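Asker: Below are the chains, spelled out letter by letter.
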Amino acid sequence: MLTDSYQIGIDMGGTFTDIVVINQKGEMWTDKADTTPKNLIEGLLTSLDNVSGQMGISRTSLLNQCDRFVHGTTIVTNSIAELKGAKVGLLVTKGFRDTLRIARSPRTDDRDHHKQVNVPDIVDRKCILEIEERIDKNGKEIVEMNSRQVEQAVKQLVEENNVEAIAVCLLWSFLNAEHEQQVKKIIESKYPSVYVTVSSELYPVMREYERMVTTTLNAFTGPKVVRYVDQVQSTLEEIGLKSSVVFIQSFGGSLSADEVRLAPITLVDSGPVGGVLGSNHLGTTLGIKNMITGDMGGTSYDCSVIVDNKFSKTQRVYLREFLTGLSKIDVTAIGSGGGSIAWLDSRGVPQVGPQSASSDPGPVCYGRGGDQPTVTDANVVLGFIDPMYFLGGRRKLEKEKAEEVYNEKLASKLDMSITDAAASVYQLVVASMSNAVRGVSVERGHDPSEFTFVAYGGALPIFAAEICREIGIRKAVIPSTSAVFSAQGLLAGDDVRNLVRSCFWKPGQEVDNVNKILEEMEEQIKASLYASGFKDGEYEIQRFGDFKFEGQIFELPVPIPSGRLTRKTLEEIANNFAPLYEAEYGPGTAWVHSPVNMFTVRVTGIGNVEKFQPKSYSDNPVKAEDVQKSTRQVFLPMEHKWTDIPVYDDREITPGSKFVGPAIIERTQTTIFIPEGTIATMDNYRNYLLDL
Amino acid sequence: MAKTNTEQTSGNLIKAEIIRQQLYNIAQEMGIVMIRTSGDPVISEAVDFSTFIADKNGEIISFSGYMTMHAGPARQSVRHIMATYPEDEILPGDAFICNDPHTTGACHPPDVGIVKPIFYKGELVAWCWAEGHLLDVGGMSPGGFAIAANDAYSEALRFPGIKIVSEGKIIQDVFHLMEANFRLPKHDINNIRCFIAACNTCEKRTIDMIDKYGLEEFNKYVELNKDLTEKAYRQRIAELPKKTYEATEWIEHNGHENNLWPIHCKLTVHEDSLTLDFTGSAPQTDGFVNTTEGTAIGCAVTPIMLVLTPDIPFNEGIFRATNIILPEGTVVNAKMPAPVSSAHMEAGMRITKVVTDLLSRAMMESEDEWIQSHAMAAFHDSWVVGVFSGKDDEGRPTVFLDMNGGGAGGGAQTICDGIDAGAAFTQLSNGLPDIEINELSNPILYLWRQLNINSGGPGKYRGGQGIEFGWIPWGTDGGTELVSTACWQVPSRGAMGGYPGGTSGYWSIKNSNARKLMQEGKLPDFSQLDGEKELLPSKHVLQLAADDVFVQFEGGGGGLGDPLKRDPQAVLRDLYDGYITQEMAEKAYGVIIAENGKVDEQRTKTRRELIRKERVDRAIPPIKKSNVKKQLQFLRTSGEALHVKTDSNGQLFTCCSDCGTVLSDRNEPWEQGAVRINTEVSGALGDYGMFVKGRDHAPYVYLNELACPECGSMLGISTSVND
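Protein chains in written order, with the numbering used here: chain D, 12 to 703; chain E, 0 to 722.
Do not rely on the hints blindly, as some may be mistaken.
[As the list claims (entries may be wrong)] Lysine to aspartate or glutamate pairs mimicking DMTMM-like chemistry, simulated, CA-CA at most 25 Å apart:
| # | chain 1 | residue 1 | chain 2 | residue 2 |
| --- | --- | --- | --- | --- |
| 1 | D | K486 | E | D210 |
| 2 | E | K230 | D | E419 |
| 3 | E | K14 | E | E28 |
| 4 | D | K579 | D | E533 |
| 5 | E | K14 | D | E419 |
| 6 | D | K324 | E | E28 |
| 7 | D | K517 | D | E530 |
| 8 | E | K521 | D | D121 |
| 9 | E | K230 | D | E141 |
| 10 | D | K424 | E | E28 |
| 11 | E | K14 | D | E650 |
| 12 | D | K253 | D | E621 |
| 13 | D | K166 | D | E155 |
Calculated from the structure, these hints are not laboratory results. Please read these numbers as outputs of a predicted model, since none were measured by experiment.
Build out the structure end to end from the sequences listed, making use of the hints.
Answerer: Written out as C-alpha cells, the structure is:
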C-alpha cells in the first residue's frame, strides 16, 4: 500500500495555534491549540498531538510522512510590537547619530498632540556610535575609514555596553559597501558570537533612514529568532520530521530557516499572508481571477486586492511608527473587529473601534468581565448570533448582559431603542469596512463589480453580503474553512527569495554595471534555492527595475527580461515607461519632459512547490426546508425591522444546494448571513458562493 | 426594550456620520492623489499641501489632515471667485487658479491653489480645493521668499482666482504665462496638473455620493454635520472660564530692518463662542512679513483645531462660533501693495503662537479635566528657510529649497515632552528628507545633521528639540544662499511655568578647512571647523564659495511646568541621551549628577531649594500681595502650577500648587500675587546654554518670570518687549 504523504501548515497567532494537515488525496484535518507565549514550542507540539490524534495516527508517523512543513509565526511581529528584542549597538557615519530619532520627522496627521510623540528608541542612545568615514553620492570615498577607531567602538559596544547584536548603517554604503564590510570583518573576527547586520547586505537601497531602521530592527529581532528557529528545527527533527521547516514571510511565500537567520525581519507582519495566499489558491481552483479579500478577527479587519491572480505588493512598509524598506503583500488594516468597542464621541455620535476588548476579557456577552459594548454584542442583540450555539454550543453567551450594556452606554444616551443602538453599530461597521474595501479597489482604479469578495475570519460572514451591497460587489465566497483559512493558506504558497538593490542607470549610459549587479543577485538567489533542494527547472527567476522620472520621487517596478541586458533593452523600457506610470498613477502624471532613470533592481526567485488540491465532492443538493433547524427573529439593521428568518445547519448541507435570503447558515465557528435578494450556493468544495 | 423605535433621529445621526466619513475619505483621497501624482519631494515627502471640500456656499465641510492654516485661504478663494464671477459664468468642468494673497487669501504666492466647482445635474452643489507649494512662481527672488521686496508687485506672478480649466479644457494661455514668468515652469506646471487631478477625483467621488444619497439628503446631512460640530464646539467653549485673556507676540526683522512689530490679541470667552480681536497689532510694513486676511484666519483657527477641538471633526461649524477681528492695514490684515511673500511664516506663525498661548491659558483654568490636560506650550513655530540657487554638478541652474527647514521642535504637553523635529504647528504629517536624497539631487554634501542640543524649552515636560546641520557646496563652484527664519530674537513661550525654547539661526564659515580635514581622514563637526565664522542675520542673502560651510540650526518648543519639578531621572536621561548639557541640567533643572553617573539626590534637593530662593530674592514684589492665611480646602487643579482652593464660605482662591500659598482671589488675575523677575531673554536663557539672539539695539526682549512669593515655584513665564 502506498503510504500517504502529508503537508502541514501551522499558523501561530497571539491566542491560538492553528494547524492544517492535507494529504495527496486532498483530505484535510484542522485543529488548534492554545499558544504558549512562555515557550512557543509547547503550543506547536500540542497542536501536532491534537491533529494526529484526530487523524488516528501517531505524531511520529505524521512527521515521518510529512514532506512540507510550513510555519507562520508572529515572533518577529510581536517582538517589534512590544519593543522586546536584543540589546543592539548601532554604528553610523559621524555627524548622523540622531537619524533614528529625527525619524524624517515623527509628526503624524493626528490632531491630538497628546498622541504626537517621538518614535521610540530601539537602540539605547549610548549604544549609537559614530564612525569617522564618508562616501559621497558617486560612491567615492572622501573620508578614509579609521579602523582603529572602529575597533574601539566595537569593543566599547560589546565589552562595556554588553550588546548582543550590532547593526551597521553608513551613508551611501549601498553604492560602496567597502567601509561596512571592513566594520563587519572587525566585529566577526573579534566577537564571533555577536549577531551582525550590515545595511549594504540586508537592504542595499538609497534613503539612509529606512535602511537604518530595517537594519536595526533586523539586529533587534535577530538573536531571538535564531534561537527559535534552531529550537523548532532541532525539536521537530528529534521527533521524526524528515523534511525541513520553512517559514512564511510577509512578501508572500516561504523562506528557508537559513535565510530566516540572516534576515528575520522578512517574517514580520506575515499574519495576513496565509489568508491572501489561500484566497488566491481558492480563486485559481474556482476560476476566479479578481478578488478582494477580507479577514475580520477580534481587533481588526484586513483587506487586500488580487488582480489576475496576482496579489499587489507594497514597498517601504511601516512597522508601528517605524518606516522600513520592506516589501510585503499589500494589506489594509482597520480597527474593526468582533471585539471592537462602540462609544460616543464628543459630539454624541456613535463610533466603533479602534479600541478593542479583544479575546480577554472579550465582549460583554462572554460574561468574562467585559463591560464595554462590542460588535459581537451587537450581533447577539440583533439576533444574528444564537447565544446557545456560539462555537457550536461550546460557549453559552449572555444576551441579557449585551442588551444591558447597549442600553447603558448607547441607547439611553442616544434616546433610541437597544436594537436601534446595536443596528447603528452594525451600520457603522459595514460603512468603515466598505470604506476600506473602497480604498483597495475604487481608489486604485478597480471596479468592484468585477471582483469577488472572499470573506473569512470568524466574524466577517455576518457582514460580508452587506459590504458587497454597499460597495457594488456582486459575488462573494465564504470558504469552507473560513475560521482556519489562514493556516490552510500557508500551504498554498511557493518558496520565495527576494533581493533588492539600488542600481542607477540613465539612458545613454552603459549597462555593464547593471548586468553585474543583476548577475550577482541571481547567483545569490540560485544558491539559496539550491540549498533548499530546488533543482534547475524547479524554480523561476523574475527581475524588475524600479524606474522613475527625474525630479519625481515615486518609482515603479517594471519587468526586465532575463539574460544579459543591452543598452537598447533598457532604453526601450525607459521609452515605454510613461504609459505604465500613468496606468499606475493616473493620466497626466508622467513627467514626459523629464528623463526616465532606473534607481533600483529587484530579483525574485520562486521555487515551485507541489500543492495538494482539496477534495471535490459531487453535487447532491438538498432542499432548503429539509435542513432548516429553526426560525429566528432577527432585527435587520439595514432595513430597520424585525423579521423571522430561517436558520440552516451547515453540517446537513451538501454541494449544489441553494438558499434564498433572508437566511442564516450556521457553522460551528461562524454564522453566515444571507440578506434578502441574495442567493447562496454550496459548491463542490463546500464553499458558499453568494450571488448579490 | 422600553423605548420606541426612534429611527428618525437616531438614523439621522448614523447617516450623518457615514456621510461625514465618506467626505473625509474623499478629502483624504485627494491628498493621496496629490502625493501619488506629483512625485515632487516638496508635495509628496514634505507634504506641503492641503485639500478641502466646501459646500455650495463655500462653507468648509471636510479637510484632509495636512496643512491646517490653508483652511483660511481655501475658504477665501471660493468666496472671492463667487464674488467676482457672475453665477452663469461658473460652469461644470471649470477650475480656477489662486495664489494671490491679496484677493484669494493665499499664504504666499508659491502656495498655488486650484478651486473647482462641483455640479450635479447642472446645479452647483459643492467646491473643492487642492493646493501645494511650488518651487518658484517668478518674481525677484528664486523660491519666492522675496526678502528685498518693498511691495507685492515685485514678489511674484499672482493669479487672483481666474479660470485655468474651462468646461473641462485646460486654458493653455495660463500655462504660457507661467512658462514666461516662472523659473522652473515644467516642474511647476506638472504639479498644477496634479492639483487639477486631485480636484477631478473629488468631483467624481462627490457626484457618486450624491447619486447614492440624492441631493436633498446630501445637503441635509452636510448641514447636520456642520451643526454637530458647531454644537460640540460651543459645548466645549461653555466649559472655559468666561474671561478675557490678552497677549502679544512680535514679528522680527522684515527683510529691510531688524525691528519688532507687535501682534496683539485679546481672547474673549463668551457663553458659547470665542472672539479673537487683533486690534492693537502694528500697522503693515514694507517688508515681506505681513499677512492678508485669509491666511490670518487660517492661522488663528489652527490652534482652535489642534488644541481646543482635536477630537471634533473640523468644518464650518467652527467658524460659526468664532469671531476673528483683524483690523485693516495692519500686519495681520495687510492691504495692497504690502509685500506678503513670507506671510504665513512670519505674521502667520506669530498669530498661531499667540492664540495657542491664549487658548492654553483659558483651558488650564477650565474645570473639565480633558480640556485642562490639553493646554500646551507653543511649538517653536518657525519654518527655517534656506534656499540655495546656483548650478548643479552638470552645470544646470538649480533652486534647492532644503525641506530640512521643517525640523523645529514641538511644544511640551501636560503629559509628555514635546515632539522632536515636529515642524511648524500647522504642519500635520510633516516629513523631512533623507540626507542621501538631498545629496543626490543637489550640489551639496552634509557634514552633519543632528538634534540641536539644549534647544527644547526647559520644563517639567521639556519642549521638543529642533535639528541642526552643516553642509558644503559639492560638485559646484558655489552659489547664492537665501536665509529667512521667523524666530530668532523672540523665543516661543512655555506654559505653566515652563521656559521658552531656544531659537533658530544660521552660520556661515567662509574659507573653511573642511576639505583639508576630510583629506586628513576627519569629518569635521562645528567645533573642528576653522575659517571666518559668522552668525548670519535672520533674513539675509549671501554668496557661498566652494570652501564655505553653511550651518543651520532650528529652535525648540516651549517647556511646560517648572523645570525644577522635572523628575531628576528624566533630566539624567536627557543628559545621557545627549539632549542637554550638564550646564543645563544644573542651572535650569537644578539636577546634580554624582561622580558615579547617578543623580546626587541630596545635592539636587539643596540646589533646587537654592534656585527657588534665588528667584524670590531677585524678584520684585507682587503687584498685589494676597494676605489670606486661613485654612483652605483643595478644590481642583488649574494647570500644572496652580490650584483652586475654597474657604468655608465657598469663596475661591488661586494658589501655588506646590506650597499652597494664596496668590489671589479666584476672580482676580493670579499674576498679581506672584513675584516677578524680568531679564533680557538672550542672557537669561544663554545662562542655561541655550541660543536666543540678543538684540543690539532697542527695543529689547525680556523674559518675564512669575514665581510663588513663598516657595519660589515657577508659575508662569512670558516674553515682553521694552526699551
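Asker: Could you run down the list of hints and mark each one as holding or not?
Answerer: Hint check:
1. At roughly 23 Å between alpha-carbon atoms, K486(D) and D210(E) fall within 25 Å of each other, so this suggested pair holds.
2. A hinted pair counts as satisfied when its Cα atoms are at most 25 Å apart, and K230(E) with E419(D) qualifies at roughly 23 Å.
3. A C-alpha spacing of about 21 Å is found between K14(E) and E28(E), which places the hinted pair at or below 25 Å, so the restraint holds.
4. Proximity of K579(D) to E533(D) is assessed by CA-CA distance (about 21 Å); at most 25 Å being required, the pair is judged to hold.
5. In summary, the hint linking K14(E) to E419(D) is supported, as the alpha carbons are separated by about 22 Å, within the 25 Å threshold.
6. For the given pair, K324(D) sits about 20 Å from E28(E) by alpha-carbon distance, which is consistent with the 25 Å threshold.
7. Between K517(D) and E530(D) the alpha-carbon distance is near 19 Å, which keeps this suggested pair within the 25 Å criterion.
8. The hinted pair formed by K521(E) and D121(D) fails the criterion: a straight-line CA distance of about 42 Å is larger than 25 Å.
9. With a C-alpha separation of about 55 Å, the suggested pair K230(E) and E141(D) falls outside the 25 Å cut-off, and the hint is violated.
10. A distance of roughly 34 Å separates the Cα atoms of K424(D) and E28(E); the hinted pair therefore is violated under the 25 Å criterion.
11. Taken as a hint, the K14(E) and E650(D) pair is honoured in the structure, with Cα atoms around 13 Å apart against an allowance of 25 Å.
12. Proposed proximity of K253(D) and E621(D) is supported: the alpha carbons are some 17 Å apart, at most 25 Å.
13. A hinted pair counts as satisfied when its Cα atoms are at most 25 Å apart, and K166(D) with E155(D) qualifies at roughly 20 Å.
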